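Start from the sequences and build out the full structure, keeping to the hints where you can.
2 protein chains.
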Amino acid sequence: MTFFIFLLACAAAATTGVMFKPGPWYESLTKPSFTPPNWAFPVAWTIIYLLLAWAGYRLSLIPGSQTVLALWAAQIALNTLWTPVFFGAHQVLAALVILAVLWVVVAVMVVLALQLDVVTGLILFPYLAWLCVALALNCSILMKNRL
Amino acid sequence: MTFFIFLLACAAAATTGVMFKPGPWYESLTKPSFTPPNWAFPVAWTIIYLLLAWAGYRLSLIPGSQTVLALWAAQIALNTLWTPVFFGAHQVLAALVILAVLWVVVAVMVVLALQLDVVTGLILFPYLAWLCVALALNCSILMKNRL
Numbered sequence: 001m002t003f004f005i006f007l008l009a010c011a012a013a014a015t016t017g018v019m020f021k022p023g024p025w026y027e028s029l030t031k032p033s034f035t036p037p038n039w040a041f042p043v044a045w046t047i048i049y050l051l052l053a054w055a056g057y058r059l060s061l062i063p064g065s066q067t068v069l070a071l072w073a074a075q076i077a078l079n080t081l082w083t084p085v086f087f088g089a090h091q092v093l094a095a096l097v098i099l100a101v102l103w104v105v106v107a108v109m110v111v112l113a114l115q116l117d118v119v120t121g122l123i124l125f126p127y128l129a130w131l132c133v134a135l136a137l138n139c140s141i142l143m144k145n146r147l
Numbered sequence: 001m002t003f004f005i006f007l008l009a010c011a012a013a014a015t016t017g018v019m020f021k022p023g024p025w026y027e028s029l030t031k032p033s034f035t036p037p038n039w040a041f042p043v044a045w046t047i048i049y050l051l052l053a054w055a056g057y058r059l060s061l062i063p064g065s066q067t068v069l070a071l072w073a074a075q076i077a078l079n080t081l082w083t084p085v086f087f088g089a090h091q092v093l094a095a096l097v098i099l100a101v102l103w104v105v106v107a108v109m110v111v112l113a114l115q116l117d118v119v120t121g122l123i124l125f126p127y128l129a130w131l132c133v134a135l136a137l138n139c140s141i142l143m144k145n146r147l
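Going down the list, the protein sequences come from chains A and B.
Straight run, no breaks: the first sequence in the UniProt record's numbering ends on number 147.
Straight run, no breaks: the second sequence in the UniProt record's numbering ends on number 147.
Worth flagging that the hints you see were computed from the coordinates, not collected in a lab.
Just so we're clear, the structure is a prediction, and the values are computed from it rather than from any experiment.
All C-beta atoms, glycine included, are put in the ideal place defined by N, C-alpha and C.
Incorrect hints may have been included.
[To be verified] Label pairs and their in silico Cβ distance ranges:
# : chain 1 : residue 1 : chain 2 : residue 2 : range
1 : B       : Arg-146   : A       : Pro-32    : 40 to 46 Å
2 : B       : Cys-139   : A       : His-90    : 41 to 47 Å
3 : A       : Ile-47    : B       : Leu-93    : 25 to 31 Å
4 : A       : Ile-47    : B       : Val-97    : 22 to 28 Å
5 : A       : Leu-142   : B       : Lys-144   : 27 to 33 Å
6 : A       : His-90    : B       : Gln-91    : 14 to 20 Å
7 : A       : Thr-30    : B       : Pro-22    : 31 to 37 Å
Next up, the structure:
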């Protein structure tokens, strides 16, 4: 049951990707050579959201996991915020700040999760890795374009 | 410390109100007579977000609160999603669906919180009450306008 509550939270975050898609504005931006192709984003995020819900479920079974679950809540709110700020409001600098805070929250969540349960920490690793790519991409787009 | 993590999650949700403000589009809508004045929204939400962070903190101190914290995470993601969908994408029907799901999640969270700690349940009551107003308003706007 708890797995599906976490999955609902991830579905809310995923909905931003359906509502605020990359359009002509994103296509017109100068992007770095390491930019993943457009199809890679929904694929990566689908996998990450499923892993996130699984990690949340595993954490919820561990006594004393409340602080990590607070971080889980903070990351899903920041995650839900990023897409409309970038693709909706085209606020690339604000999006970068949100992404940097999100990265820190997820990094701390991974460290604390590893201490509670190594498997859960590993389940969260692809998320942290993908956020590194997203941070580099957002930062590069900010520098390469007059925004 | 945990209080500030929950407050960060609320800050992410609150940022949507700064990024996606009511503009000419919202002003032009036909609204019901019970529509609160514009100033009431940031005031109500500031109070509600502080109460939400406080409730999250109180819940995090209670053993066995993991399922309620999962609901807390789901509600903050749905809360963060609503504003850009309504004020950003102008998708009034989709916003209504999101708000209805949010209402159910918060109602279940309040019921479970009351069982763990009566005070925390009461702290969350203004949120549920305000969501009733928001639901009625969103629904009425959908019916009164050709959207």
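(request) Starting from the range 14 to 20 Å, see whether the pair His-90 of chain A and Gln-91 of chain B falls in it by beta-carbon distance. (result) holds (18 Å)
(message) Against the range 27 to 33 Å, how does the distance between the Cβ atoms of Leu-142 of chain A and Lys-144 of chain B compare: consistent or not?
(response) Check failed, 41 Å falls outside 27 to 33 Å.
(message) Taking 22 to 28 Å as the stated bounds, is the beta-carbon spacing between Ile-47 of chain A and Val-97 of chain B within them?
(response) Given a distance of about 25 Å, which is inside 22 to 28 Å, the answer is holds.
(message) A range of 41 to 47 Å was offered for this pair. Does it hold for the Cβ distance of Cys-139 of chain B and His-90 of chain A?
(response) violated (30 Å)
(message) Can you tell me whether the CB distance of Thr-30 of chain A to Pro-22 of chain B sits inside 31 to 37 Å?
(response) holds (34 Å)
(request) Using the Cβ atoms, figure out if Arg-146 of chain B sits within 40 to 46 Å of Pro-32 of chain A. (result) Cβ of Arg-146 of chain B to Cβ of Pro-32 of chain A: about 44 Å, so the range 40 to 46 Å holds.
(message) Is 25 to 31 Å respected by the C-beta to C-beta distance linking Ile-47 of chain A and Leu-93 of chain B?
(response) With a Cβ separation near 30 Å, Ile-47 of chain A and Leu-93 of chain B satisfy 25 to 31 Å, so the hint holds.
Violation of the numbered hints given earlier is confined to hints 2 and 5; the remaining hints are satisfied by the structure.
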